[in-house]
Amino acid sequence: MPRQLARYLFATITSALLFAATPTSALEAGDSTPEIELPGTGGTPIRITRQSGKVLYLDFWASWCGPCRQSFPWMNAMQEKYKAQGLQVIGINVDAQGDDAEKFLAKMPTKFTIAYDPKGNSARLFGVKGMPTSLLIGKDGKVISQHIGFNDESRDKMEQAIQAALGAQK
Amino acid sequence: MAATERQSRADRAPLGTGILFAALAIPGILPAQADTAPERAQISYKFLDYQDSQSGWERIGVHARALSLLVPIAGEWSLEGSITSDSVSGASPAYHSQRFRAGQMQDQRTGRDLKVTRYFPRGTLSVGIADSRESDYVSKAFFVSGSLSSEDKNTTLSAGLGKSSDHINVPEIGVNNEPKKVHDMMLGITQTLTPTDIVQLTVTYAEADGYLSDPYKYRDHRPDSKYQTAVLGRWNHHVSATGGTTRLSYRYYTDSFDIQAHTLTAEYVQPLPWEFTVTPIVRLHSQSAASFYLDPVNPPFPTIRPRSDIQSQDQRLSAFGGASLGIKVSKRISPDLVVDGRYEYYEQRSSWRPFGNGSPGIEPFRANMLQLGITYFF
Amino acid sequence: MNLYARHTMLVAIVPLLLSTAACSLLEPVQAWEKGVLSKPEMTFDGDHLESKYNEHIYFSKEGASGGSGVGGGGCGCN
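Chain order of the listed sequences is X, L and D.
Position one of the first sequence corresponds to residue 137 (the working numbering), numbered consecutively onward.
Position one of the second sequence corresponds to residue 1109 (the working numbering), numbered consecutively onward.
Position one of the third sequence corresponds to residue -11 (the working numbering), numbered consecutively onward.
Some hints could be false.
Pairs of lysine to any residue residues, derived as SDA-like cross-links and limited to a Cα-Cα distance of at most 20 Å, are as follows [stated by the list, open to error]: (1) X/K239 x L/W1382; (2) X/K239 x X/P254; (3) D/K27 x L/T1302.
What follows is a set of in silico ranges between Cβ atoms, one per label pair, in the way DEER data are often shown [to be verified]: (4) X/H283 x L/D1317: 47 to 55 Å; (5) X/G202 x L/L1356: 25 to 33 Å; (6) L/W1165 x X/M244: 55 to 63 Å; (7) L/V1437 x X/Q296: 49 to 57 Å; (8) L/F1155 x X/L241: 35 to 43 Å; (9) L/Y1453 x D/P28: 22 to 30 Å; (10) X/E238 x L/V1447: 24 to 32 Å; (11) X/G179 x L/S1348: 22 to 30 Å.
It is worth saying that the hints were derived from the structure and are not from the lab.
Ideal placement from N, C-alpha and C gives every residue a C-beta, glycine not left out.
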């Protein structure tokens, strides 16, 4: 009797779960990037536009996110390697508390632009569903790909995608 | 073990070693699973010093040492294992609050467990084994559990199935390698409510068959099967004003021995300067008596019933209330090293049962517990 | 209510209510809002060895057990 009950329960809860998932609207490949302006280090505004002519790698990160920590050295390497070819890496911090981000950056040398969005407005605009979320935006201002999480496997694939984007005509 | 080291069966102690099963086995190995592989490996050592007593009589003392290791593998797997060694000595009641005669026992128990977990983008799958050995009791257990999260990771469903196969061997009183089998299952749901609140509801069900009595207690004859259900609700709430976190849990337990129990635990985790964290703890417990539990009718003598009757005079099956007060302090010594200590005081009294009457004729019982631990991350 | 009915009620109704309530009433927590939820004290994992010691002690001294997991094996302690 109790085993039947467990099966019944499992079925009910699973269906409830399926109904529960209500994702924020995600950006699809081919969508134009939203245009926003966020404060950067020292207050200088950082603008994300469709006409920058650069390949943009946007990364939404926070001090409390483990994989974010691991992704910084790689993002530093990408920025250095492809800067001359027109890549701009922008790390958008979503820590609700500014000091947390500062403490993190004090220990992690960063070679790319940092922008701050403590209220998460840009995260909502870009349809961020997990941390970290990175978006690759082409020279034409259109989203090429969006990726959640960071691990060794994703590194190489992402670098190839960046190279392809840099090589493409506008 | 030499005959001289083992006292009469009635002087054997309940906690830890050389003792037999009364109620159903086993706390689950691990509660709800984290959903991503740990970032770093960790090794922990923890020591427990436990002493209980009742008026005029120091009962059971336990010194336990445990070592555990957790390693992430390739970002998608983790391996977790531990070894525990308990050294138990003393004596506890043979019936109600009485013991047959003066005499001490001493025994060792070694327990080991190992768990492998695979992490998927939206779920986990774990498989684990455990065993426990002492001079008269061997247990082997196995479990499988898994979790599945919604796309936004705010809702996680978890489920598990476990099985253990135990043998009790006390030949001098005619208990010859008696088997006991337990099947258990768990279903749980974890839900984030707000950025500062998360709740969890878990239901567990277990069935045991075989030798469930405690041969070290006077005429302890329990049914040869038992089923139990426990419903556990938990709520963690972060208090922004103080930076602390309240952790509350309530468990309702009911079984076929007719025991119903309520257990409420409240903790408040407060981070302090210099990497200290202090956590006061309160635990309240209340239970009804088993249907076959016999009250004393002629104290200080045991209540007499024919041997063949289902019966027990083990105070742990009586009706009582229990309260614990504790405090845990931890300090992060370096980014890789944390030390922690926990002290808890527990008292059990039949008069403290909040719902209904406590069982008569049972002495209040007290316990002091100290845990000291160190964890290294690498 | 007999024992089976009571068990059925507990096992079936409570989780059902909770999952329905959770799904419908509250604004879901967004990914970037999970800073506090990621703190160890906000999870339900806890210190493995400490939980094992605590559960073992109370299981050996009281008539109730379990609630949080499966497996684990037994001991001659209760």
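Does the hinted range 22 to 30 Å hold for X/G179 and L/S1348 at CB?
Once the Cβ atoms are compared, 26 Å apart, the range 22 to 30 Å for L/S1348 and X/G179 holds.
Is the gap between the beta carbons of L/F1155 and X/L241 within 35 to 43 Å?
holds, 40 Å
49 to 57 Å as the expected CB spacing between X/Q296 and L/V1437, which holds or is violated:
Holds, since L/V1437 and X/Q296 (Cβ atoms, about 51 Å apart) stay within the stated range.
In this structure, is the beta-carbon distance linking X/E238 and L/V1447 contained in 24 to 32 Å?
This hint holds: roughly 28 Å between Cβ atoms.
Keeping to a limit of 20 Å between CA atoms, is the pair of D/K27 and L/T1302 held or broken?
Holds - the C-alpha atoms of L/T1302 and D/K27 are around 14 Å apart, at most 20 Å.
Beta-carbon spacing of L/W1165 to X/M244 - inside the hinted bounds 55 to 63 Å or not
holds, 60 Å
Does X/K239 pair with X/P254 here, judged by a C-alpha cut-off of 20 Å?
Holds, at about 15 Å.
Range first: 22 to 30 Å. Now tell me if the beta carbons of L/Y1453 and D/P28 are that far apart.
holds, 26 Å
Does the Cβ distance between X/G202 and L/L1356 fall inside 25 to 33 Å?
Holds: the Cβ-Cβ distance is about 27 Å, inside 25 to 33 Å.
Straight-line Cα separation of X/K239 and L/W1382 no greater than 20 Å?
holds, 16 Å
CB-CB spacing for L/D1317 and X/H283 relative to the 47 to 55 Å hint
holds, 51 Å
Violated hints: none; the structure is consistent with every hint.
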